[in-house]
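Sequential numbering from 1209 applies to the sequence shown in the numbering used here.
No wet-lab data here; the hints were simulated from the structure. Quick reminder that beta carbons are idealized off the backbone N, C-alpha and C, glycines included. One should not assume that every hint holds.
[What the hints assert, rightly or not] Simulated DEER-style distance windows between Cβ atoms:
| id | residue 1 | residue 2 | range |
| --- | --- | --- | --- |
| 1 | Ala-1284 | Ser-1256 | 18 to 24 Å |
| 2 | Ala-1236 | Leu-1267 | 31 to 37 Å |
| 3 | Arg-1246 | Gly-1415 | 19 to 25 Å |
| 4 | Lys-1356 | Gly-1232 | 20 to 26 Å |
| 5 | Asn-1428 | Pro-1283 | 19 to 25 Å |
| 6 | Leu-1221 | Ser-1256 | 51 to 57 Å |
| 7 | Arg-1417 | Thr-1336 | 40 to 46 Å |
| 8 | Thr-1430 | Gly-1270 | 37 to 43 Å |
| 9 | Thr-1335 | Gln-1416 | 38 to 44 Å |
| 10 | Ala-1236 | Gly-1270 | 35 to 41 Å |
| 11 | Thr-1336 | Val-1455 | 30 to 36 Å |
| 12 | Thr-1288 | Lys-1315 | 51 to 57 Å |
| 13 | Gly-1407 | Lys-1356 | 23 to 29 Å |
| 14 | Thr-1220 | Ser-1256 | 34 to 40 Å |
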Amino acid sequence: MPRVSRSPAAFTLIELLTVIAIIGILAAIIIPTVGSVREKAQRAVDASNLREIAKAAMLYAGDNNDRLPDPSTLPASVLTAPERVFLWPGVLARHGILTDPSMYFSKNDPLFNGTFPDAIISPGNRTTLDTTFTGERALSFEFVGGVKMSDPPTTPIAFTRGLKPDGTWDEATGVYKDAGGYVVFLGGNIQFFPNTATGKFVSNRSGQRTDNILEAIPYNATNPNLSARVYATSGGGTGSPAGVAAVQGP
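Hey, can you work out the whole structure from these sequences and the hints?
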């Protein structure tokens, strides 16, 4: 009598639903982990870029009377821009020190449009900035203009955008929202400060700790208009496109 062949057993509905549930659980575990790893990797890139920006500013100072980029004193005959904030990175590119526009943008930045500018300096005119760099762009970093190499090594010179006078990063405009941000100092060290950190900076007057970066950059008591300024491309933080002057610390 011939044997009747049986087809392989198929998954039951319960088994299929169990497999789907397991896949869903694994995805819920793996996907956030991968996202976190990518974010941390990009933060490391941002820190490296900020460190290189600081090094470039110090190289510039070596040929410019020990003064780091200062948009408030830069002659229009050297470089022009629609806003002063762009002059800080612009003068570094103008001198051939740091010409890569991608260094000023973080892929983690919610305001980054996903496309890097073509150039910082206009190829057709070395005294103007390229429109792809300045046109409706929010730089991921803010800069301090009016710093000298002789200032204290604790002087901040650049930081991730969105830092407010109370020492926290703005949820709406911060590069990492309200998680915190990087600050690079004249001494060359760079540090990530979470929003919960206090006493991030050293006062420009007494050496006491302060959370207000405007109290940590050079202040000119004789003529406050000559004090250092913080430059940024968007609101919600300490700086502004025209620059916000230092205040005397506690």
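Could you tell me which of the numbered hints above are not met by this structure, giving the numbers in increasing order? 1, 2, 3, 4, 8, 10, 12, 14
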